[in-house]
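Asks: Sequences listed follow chains A and B, in order.
One gets our numbering by counting positions in the first sequence from 1 and adding 4 to each.
One gets our numbering by counting positions in the second sequence from 1 and adding 959 to each.
One thing to keep in mind: the hints can contain errors.
Per label pair, the in silico range of CB-to-CB distance [what the hints assert, rightly or not]:
1) A/Arg26 x B/Asn1280: 21 to 31 Å
2) A/Ala87 x B/Gln1243: 52 to 62 Å
3) A/Arg85 x B/Val1367: 23 to 33 Å
FYI, nobody ran anything at the bench for these hints, they're computed from the structure.
None of these values were measured; they are calculated from a predicted model.
We put the beta carbon where it would ideally sit given N, CA and C, even for glycine.
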Amino acid sequence: MSATTSITNSAPALEIASLGFRYPSGFELKLPSLTLAAGEEMLLVGHSGCGKSTLLQLIAGLLDPMRGSIRVGGTDIHALRGAARDRFRGQSIGMVFQTFNLLQGFSARENVLIALLMSDLPKSDAAARAESLLRSLGIERLDALAEELSVGQQQRVAIARALACRPTLVLADEPTASLDPENALNAVRVLRDACRDEGAALLIVSHDPALESHFARRERLEPCRETAATRTEGGAR
Amino acid sequence: MSDLSIVLRSLRVRALSTSIVIALVAISAGLLLAILSLRSAGQSAFERGTGNAHLLVSRDGSPLVSVLNGIFYANPPKAPIDAAKLEEIRSSFPWSMFIPMAVGDSYRSFPVVATAPDFFTKFEPVSGEPWIFAEGRPFERNFEIVLGSGVARETGLRMGAKLLVTHGSGKSREGVDEHAHVHDEYEFTVVGILAPTGSPHDRALFSDLESSWILHAHDRFEREGTHKTVTAADLTEADRVVTGVLMRLPSRDPAAAPPALVSQYDRLRRDGSITVAIPANEVQRLFDIVSSIDVLFVAMAIATLISSGAAILLSMVNSMNERRRQVAILRVLGASRTRIFWLVLTESTLVGLVGAATGVVLCAIVLFSATTWLREAHGIVISPELDARSAVLVAMGTTFLAAIAGIVPSIQAYRTSVARNLRPIG
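Excised from the complex, chain B in its bound form (with noise of 0.2 Å):
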């Protein structure tokens, strides 16, 4: 028999009310940590995506701008960036990775990305995540394609079969748009499928460059008047454009952005005819922005996390006059008012404590739970981990709360008369 031993059965004979207590602690700490979790996992996803990519040039209106259309596809560039400027910002540094990408066709509203083998080789859509085929290959020849896992799931694509890319993002002839145009004259073989990476790339499909200038070639020649089967040798330099490039410093450290990184940027923004864009940093850029809507839920649950403790009190304080004749039984036994005192305090934070316990028992469920049904059922694969961090700030948070509910009935306990509550009842 300790003091511990008395509290937990003080708080089991009003087992009911406890119960209820603690379940609205746990909800409410469960739902913080849920949203703080759901919030780093979100900065995650944006982050996801960026890959190992340093530095992202295209034409786009602004940096922002430049990484929503280069890595997100939000929408097809519209300026591209030809050969010679191409060929321009290649030869300027020793890149260890230059990418070229053409964004600006789609199958069925997923994006289709015309670029370079490296993009499988060196390019790493989550950086420190190599690209992982989960079938086939990279493309190898003209017309081949490859389809990002999201792709392959919401379209039922499968290895060996052919589709046909619509030119802007409108829908292809399995859609609604009637005015998409459909580049119908050259038929993509699926080729690979990739696994998924939780990163925008898994919501597009990836052809060689070459056969996405064959395909906007040939609507030239048609514009022009000539009707022919247009192939790698009909291409002119005007052919040979590209929406972004994707680079990627010479680095000893994959992790860490290197030294020339800034002084290379600052270089190319000088050339006022391209948008450079670190898309690290515009990325959080980008969720600064949004996140100032996470506040708001933050503030929410905060504020249910109070009213939670608003409910120990409550529930403590409605207690109180079955609990005088209990504190005053103590109080005969020997028990001194200070003793008393700590005893009401203890379970009140004990309630916060289990409380919070149960919360992050219940958050780490429901966040297992719903990653995997994302992941099984829709392929995003977001990882909204527990951070231990804001696990254990909650806890304490939420225990500190309810220590401080029970203050009040603490004191309460602690100037009850004996006298008065011995007294029969009835």
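Looking at chain A on its own, in the form it has when it is part of the complex (with noise of 0.2 Å):
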């Protein structure tokens, strides 16, 4: 398969087909088919264990599948190999964790400037982007180490370090998992709020069912060997 890097805008954010997955612990994950626009958002739901966060790896490019394509912006990650692989998912995905899991030691600034770094992006105006970017996310304390920041912040370093690279999708795992629900809803406002302003399409795993009420898409992940994503608004395609 004849893979390409280049992202082409009208192609959508994500498009997944026959995808088939198994852990050796005999696990298998299985989804028909997933499509999201460019720019669209989307909650995907399910129990722990169901394989919400195998699909963001797989997705990802961090693991690949048994069979099936996944598409990020019209390309076959898994047809990227190495480095090749590694960069595209730098520069196009950009995902977000249940404890954010910013680099410890690291400023918010730097947390930021690392992901246009290790993305190989033009330098240029890394240290203007990174800046920008955490004060519209209300970061003021720029040059303070992640550790030293709230949980609140934390996140928003995350989200920021998520949309450095102006990527065509962002996946959040768990995103909401660590906070309250006051905070959690603040915190995936927040975050759609910044995907919406980047133009990058948001697909948010979750096991919080008080999220459903704020997406009008949203799919489940059934928790089966033979599992499959059941449309219960939008619907997979």
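Using the hints, build the complex out of the two chains.
Replies: Here it is, written out as structure tokens:
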């Protein structure tokens, strides 16, 4: 399969077709199809252990599917190999984690700059980009170390880092799991607003039912060997 | 922000363990460098003292003993060279320097060297470094004596001081050896004090040959039952003996051995009644003998250095648990496995490089302090200069060793599973 790293603006942010993945334990994840248009946002819900995080890692190219394809911005990420796939991931996919996964010992600014550095994007406007993103998300202490920031601030730094490279797609893995209900909704609002501002599609996976009413498009990942995304609204394609 | 700044920050996050490992590497590299520097300084110290003499003639048992006795003043030579033989050697070649010496007496265990005035004008204790008088002047008359810098410092003798010399190497009356024979009939006056040379000559006293001959002629008269004040006029040919001769061949290049040296050496060696030594060669032989001990020290220092490499390895492997998460985050952000490998390898290499550089600086400070202390406290002039080539080699070797030590953690980082290490902690 020939691969291209060029991203077509008209291409969907995410296209999954006939996806199949099986862990050594026998757990199997199947997803016949899922499409996310450019700039679209979607909530993927499901119980713990149903394969939500696995799906995100497959989309990010951190795991290889046994069958099927995943295209991000029109590019089949699994057709890319080695450093090319890593570079593509860095440039086209932003990830936000439950525990934020900021680099300890690095400042808020540096955590964002590292994303720009690792993706090999031009460095000329990196500092300005990092600063404007952080300030737009309400982070004023740009040089405070990650561990010195409040939980809410850390999450916003994580969002800024995910958006730093102007990705096609942002994947958020249980972004509210560490937060109380009030802060959880606020955090999701910040994430959605930021993605909208940057024109990035957003796929949130969560087992938090409180989020469901806030998303127009929701999917459920079933916890079974023959897993399928069942459209509840908007539908899986 | 660059890959290097990520590495530096990563090291700073683990500041304590990083500092300890760097200190360990610095001490190991500094120790190795210090031993190498002291080793070359030791050789240099051995070479100092032979000065600009091409040949040394004596009647010692071997050339090495001849140099030990004639230049390092290890023991008084037992067999003298008589005046006739001395003249025969002197007239056999147009020597550019011919300095007879008689070593046998002492002052408070310091050897008294009876020699010719040329000793201060033609002989250089260290090649290219003529004598410098810290005070006074060379001896000009009988029973005037010049002190080496070490003697002046340790005995406290000053200009104009009077002293008696002892026959042999026993202590004088100020010392403890009651059996020493003190030449108390003739008093020497200190007329000069030499500046330090960093050679064995710093621990000697120098007087003229005739005074030495008079002392021993006096003893001879005493043994014969004649009690008189002996003067130069009373000396016979039998009294005019020496224990060694420092010689130099004419040479256009003061630093190079002249082509005629080997032929003159061979010619003199054919005379079975004398022992001929090329001091520089004998010193090299002597150093070769003692250098086997140096090899042991160098080996120990290298072993220490290798153990510091192991410390780098252990420190980095131990930190892999916290590092795995960092690696996984960087991978998610777009870093390739190869880039991660190099980041970790750069980290260990940097630890080695900083450790080596610190070691070089540490070594330079210690050597400078030790050199200053030895000179000021003991008047010992050694120059354990930091050899630039050794410093570069040690620094490169240490850095290379650190890089080797970093390979295992780099491979671990390369193989880190991103999926497994991004899970929430706890």
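Asks: Now, for every hint given, state plainly whether the structure supports it.
Replies: Taking the hints in turn, this is what the structure says about them:
{"no.": "1", "hint": "A/Arg26 x B/Asn1280: 21 to 31 Å", "in the structure": "29 Å, holds"}
{"no.": "2", "hint": "A/Ala87 x B/Gln1243: 52 to 62 Å", "in the structure": "58 Å, holds"}
{"no.": "3", "hint": "A/Arg85 x B/Val1367: 23 to 33 Å", "in the structure": "26 Å, holds"}
Of the numbered hints given earlier, the model fails none.
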